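I would like the entire structure built from these sequences, with the hints used as guidance.
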Amino acid sequence: MTRALGWLTVVGLAAGLAAGFGYAPREAVQGNVQRIMYLHVPAVLTAYLAFVLVLLGSIAYLATRRPGWDRLAAAAGEIGVLFTGLTIVSGSIWGKPTWGTWWTWDARLTSTAVLFCVYVGYLLLRSLIEDPEARARYAAVVGILGAVNIPIVHFSVKWWRALHQPSTILGPERSPIDPAIGLALFVNWVAFTLLFAYFLSRRMEIARLEEQT
Amino acid sequence: MPSNWGYVLAAYGIAAVALLSYWRHLARRTRALATRRAAKPRSA
Numbered sequence: 071m072t073r074a075l076g077w078l079t080v081v082g083l084a085a086g087l088a089a090g091f092g093y094a095p096r097e098a099v100q101g102n103v104q105r106i107m108y109l110h111v112p113a114v115l116t117a118y119l120a121f122v123l124v125l126l127g128s129i130a131y132l133a134t135r136r137p138g139w140d141r142l143a144a145a146a147g148e149i150g151v152l153f154t155g156l157t158i159v160s161g162s163i164w165g166k167p168t169w170g171t172w173w174t175w176d177a178r179l180t181s182t183a184v185l186f187c188v189y190v191g192y193l194l195l196r197s198l199i200e201d202p203e204a205r206a207r208y209a210a211v212v213g214i215l216g217a218v219n220i221p222i223v224h225f226s227v228k229w230w231r232a233l234h235q236p237s238t239i240l241g242p243e244r245s246p247i248d249p250a251i252g253l254a255l256f257v258n259w260v261a262f263t264l265l266f267a268y269f270l271s272r273r274m275e276i277a278r279l280e281e282q283t
Numbered sequence: 002m003p004s005n006w007g008y009v010l011a012a013y014g015i016a017a018v019a020l021l022s023y024w025r026h027l028a029r030r031t032r033a034l035a036t037r038r039a040a041k042p043r044s045a
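Protein chains in written order, with our numbering: chain A, 71 to 283; chain B, 2 to 45.
Honestly, I wouldn't trust all of these hints.
Stated by the list, open to error - Heads up, simulated SDA-like pairs for lysine to any residue below, C-alpha to C-alpha not over 25 Å straight-line: (1) B:Lys41 to B:Arg30; (2) A:Lys166 to B:Ala16; (3) A:Lys228 to A:Phe186; (4) A:Lys166 to B:Ala28; (5) A:Lys166 to B:Leu20; (6) B:Lys41 to A:Glu275; (7) B:Lys41 to A:Thr283; (8) A:Lys166 to A:Ala177; (9) A:Lys228 to A:Val211; (10) B:Lys41 to A:Glu280; (11) A:Lys166 to B:Ala11; (12) B:Lys41 to A:Pro137; (13) A:Lys166 to B:Gly14; (14) B:Lys41 to B:Leu20; (15) A:Lys166 to B:Val18; (16) A:Lys166 to B:Ala19; (17) A:Lys228 to A:Ala217; (18) A:Lys166 to A:Phe225; (19) B:Lys41 to B:Ser22; (20) B:Lys41 to A:Glu200; (21) A:Lys166 to A:Ile247; (22) A:Lys166 to B:Gly7; (23) A:Lys166 to A:Ala217; (24) A:Lys166 to A:Leu152; (25) A:Lys166 to A:Asp176; (26) A:Lys166 to A:Pro95.
To be clear, the hints were calculated from the coordinates, so they are not data collected in a lab.
Keep in mind it's a predicted model, so treat the numbers as computed, not measured.
See below:
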């Protein structure tokens, strides 16, 4: 099952690259540097998904005390940190030619950096507590509190004056994106979601093996 | 607007290295745990 998912992910990522670099046109204002969007936006959407799973796994663990929910939260948290890191790095690289700076203390960038630090803290906490029951309990509390950051990151561009552009995909209005660019973005989002599912499956298998050995 | 292909390659290159490194980390950890589990004597 995981192997098949892995191959499906490879096909998805290849399709994403073909869509982003072959099918999607050169953006009229930004030029080719806009193609970083096909990496940046799917990465942040995957990070949101991961942290929502941390939240759900944490709530379910506290309600049921079943270790499987803790394994889900731990695995999703680790992968979420990876994708948030990719979001920050790709955004910074995109920012240099378009905004003229690698970094600015804009509301969206700052809240994303805070999100990254919170979940790095979540992973550190997990590594510091040896007792599995206590680790799962404390981590679940942090996993629930940390999720407060997700809407703050998403709505930061609406709530504060920001350099970062407002939401075009998950915004309330119909997306103004060109259909070809939108399709390339969709293909890459599907590919990243498959990659997330593959990593999650493998990471949860590791957690299960760790408990048995 | 110049092409800025260097920035595009840098972003995708860093992402590829990070994702491949994480995949290798998962594969190595799985192998190590499977080997340890196989070597562990079974209790009666």
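A quick look at each hint next to the structure:
no., hint, result
1, B:Lys41 to B:Arg30, "holds, 17 Å"
2, A:Lys166 to B:Ala16, "holds, 17 Å"
3, A:Lys228 to A:Phe186, "holds, 20 Å"
4, A:Lys166 to B:Ala28, "violated, 35 Å"
5, A:Lys166 to B:Leu20, "holds, 23 Å"
6, B:Lys41 to A:Glu275, "holds, 18 Å"
7, B:Lys41 to A:Thr283, "holds, 8 Å"
8, A:Lys166 to A:Ala177, "holds, 17 Å"
9, A:Lys228 to A:Val211, "violated, 28 Å"
10, B:Lys41 to A:Glu280, "holds, 13 Å"
11, A:Lys166 to B:Ala11, "holds, 12 Å"
12, B:Lys41 to A:Pro137, "holds, 23 Å"
13, A:Lys166 to B:Gly14, "holds, 17 Å"
14, B:Lys41 to B:Leu20, "violated, 32 Å"
15, A:Lys166 to B:Val18, "holds, 21 Å"
16, A:Lys166 to B:Ala19, "holds, 21 Å"
17, A:Lys228 to A:Ala217, "holds, 19 Å"
18, A:Lys166 to A:Phe225, "holds, 23 Å"
19, B:Lys41 to B:Ser22, "violated, 29 Å"
20, B:Lys41 to A:Glu200, "holds, 22 Å"
21, A:Lys166 to A:Ile247, "holds, 22 Å"
22, A:Lys166 to B:Gly7, "holds, 11 Å"
23, A:Lys166 to A:Ala217, "violated, 29 Å"
24, A:Lys166 to A:Leu152, "holds, 22 Å"
25, A:Lys166 to A:Asp176, "holds, 14 Å"
26, A:Lys166 to A:Pro95, "holds, 22 Å"
Hint compliance for this structure: hints 4, 9, 14, 19 and 23 are not met, and every other hint is.
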